[in-house]
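Q: Given the coordinates of chain A, assemble chain B onto it according to the supplied hints.
Protein chains in written order, with the working numbering: chain A, 1 to 193; chain B, 1 to 193.
Any given hint might turn out to be false.
Identical chains share a label here; the pair holds if one copy fits it or two copies do between them.
Straight-line alpha carbon distances no greater than 27 Å define the calculated DSSO-like cross-link-like pairs of lysine-lysine that follow [said to hold, decoys possible]:
no., residue 1, residue 2
1, Lys25, Lys172
2, Lys132, Lys86
3, Lys109, Lys132
4, Lys92, Lys16
5, Lys54, Lys38
6, Lys2, Lys172
Calculated from the structure, these hints are not laboratory results. Computed from a prediction, not measured in an experiment: that's the story for all the values here.
Number of protein chains: 2
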Amino acid sequence: MKRLILIISGPSGVGKSTLLAHLPKEEFYFSVSHTTRKPRPGEVDGKDYYFVTKDTFMEMLQRNEFLEWIQVHSNFYGTASSEVEKAFSLGKHLVFDVEVIGASNLRRKFGQEAISIFIAPPTLSVLEERLKNRGTENDEKIRERLQRASLELTYLSFFDYVVVNDDLDQAKASLLAIVRAELSRPWRCHLGY
Amino acid sequence: MKRLILIISGPSGVGKSTLLAHLPKEEFYFSVSHTTRKPRPGEVDGKDYYFVTKDTFMEMLQRNEFLEWIQVHSNFYGTASSEVEKAFSLGKHLVFDVEVIGASNLRRKFGQEAISIFIAPPTLSVLEERLKNRGTENDEKIRERLQRASLELTYLSFFDYVVVNDDLDQAKASLLAIVRAELSRPWRCHLGY
Chain A
1 MKRLILIISG PSGVGKSTLL AHLPKEEFYF SVSHTTRKPR PGEVDGKDYY
51 FVTKDTFMEM LQRNEFLEWI QVHSNFYGTA SSEVEKAFSL GKHLVFDVEV
101 IGASNLRRKF GQEAISIFIA PPTLSVLEER LKNRGTENDE KIRERLQRAS
151 LELTYLSFFD YVVVNDDLDQ AKASLLAIVR AELSRPWRCH LGY
Chain B
1 MKRLILIISG PSGVGKSTLL AHLPKEEFYF SVSHTTRKPR PGEVDGKDYY
51 FVTKDTFMEM LQRNEFLEWI QVHSNFYGTA SSEVEKAFSL GKHLVFDVEV
101 IGASNLRRKF GQEAISIFIA PPTLSVLEER LKNRGTENDE KIRERLQRAS
151 LELTYLSFFD YVVVNDDLDQ AKASLLAIVR AELSRPWRCH LGY
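Chain A extracted, bound-state conformation (with noise of 0.2 Å):
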């Protein structure tokens, strides 16, 4: 069968990690970027991060290996092209989990072999109860976390599919029906007649 190429993005706050963790691993490979930042406490390599020396970045970056990559301050980020051949060999659809920017670069590389899915909140207040409620940010950050929200919502309608997060098992619902549509498209199957 097919596999797909998931671009999958939402504002921080939204749920998106608890939601894609929610997806069959058997079914689904999420992507795991490259970055030449330390490893903080707790993240394991090749899981949160492949954690590489600046200069294996750089020789990667000369030899073309990154679909898309960022310079966050003196730390480099990028997304390997070999993740898509790992997901497909293990018969995987391959997800991405990207911000806006990157899920923009990743969506005009791929064309129209890729989805893009925005994870939305239902509404901003309830993005803001949910900063809240999870107790790891000051009031400061939240309201900085709420603006950059606000920005990436504009994004949306360049979105090909929109995912509310109201209710978790609905949201999951959506994101299968998703993936099982889309794997309807003509293109995508292979009919012997």
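A: What follows is chain B alone, placed relative to chain A:
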């Protein structure tokens, strides 16, 4: 919630009527065509067709009340625009069950607003088997229908989606997944940010 226009087509014997009969009536309104031909025994006016006189049909035609129409021998068949309002006033998705040319005409009429779905048999020999098992047509009729099916299958790639009707439950699940996915299009979601 935004309601969809589904244009559904597929060869005779593919099990399209059975499949569509399994869609929940509370959510789906099936467009009824107008025709000038006489009702056959058991056919109900307003259910199988709206049976009208040739004069009435011509008046409707002049008033531009048909989305699409055809003449077959001396009989006329048409899809009235009023079916759209009827479905939407009931708050239901509108389903057109039409042959491939009608599907293509409706798709052009509605543009991106409508979704075209082709119901396909797993293989042509499965289709042949089903037509034979129906026992309603003689060998020549079956040969004719298979030839027509072969032709219709060449239109498949012009449809937005293809649902292979191998297992009825799976086909129904795919159809409902397409509806759910299409309701998750950014341009169909009214999010109040």
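Q: State whether the alpha carbon distance between lysine 132 and lysine 86 is at most 27 Å within one copy, between copies, both, or neither.
A: neither (37 Å within a copy, 46 Å between copies)
Q: Regarding lysine 25 and lysine 172, is the shortest C-alpha distance of 27 Å or less found within a copy, between copies, in both, or in neither?
A: both (14 Å within a copy, 25 Å between copies)
Q: At most 27 Å between CA atoms: does that hold for lysine 92 and lysine 16 within a copy, between copies, both, or neither?
A: Classified as within: same-chain Cα gap 20 Å, cross-chain 31 Å, threshold 27 Å.
Q: Given identical chains, is lysine 54 near lysine 38, meaning Cα to Cα at most 27 Å, within a copy, between copies, both, or neither?
A: Result: close within a single copy only, 11 Å intra versus 80 Å inter.
Q: With 27 Å as the alpha-carbon cut-off, assign the pair lysine 109 and lysine 132 to within, between, both or neither.
A: neither (36 Å within a copy, 49 Å between copies)
Q: State whether the alpha carbon distance between lysine 2 and lysine 172 is at most 27 Å within one copy, between copies, both, or neither.
A: both (21 Å within a copy, 20 Å between copies)
Of the numbered hints listed earlier, those contradicted by the structure are 2, 3.
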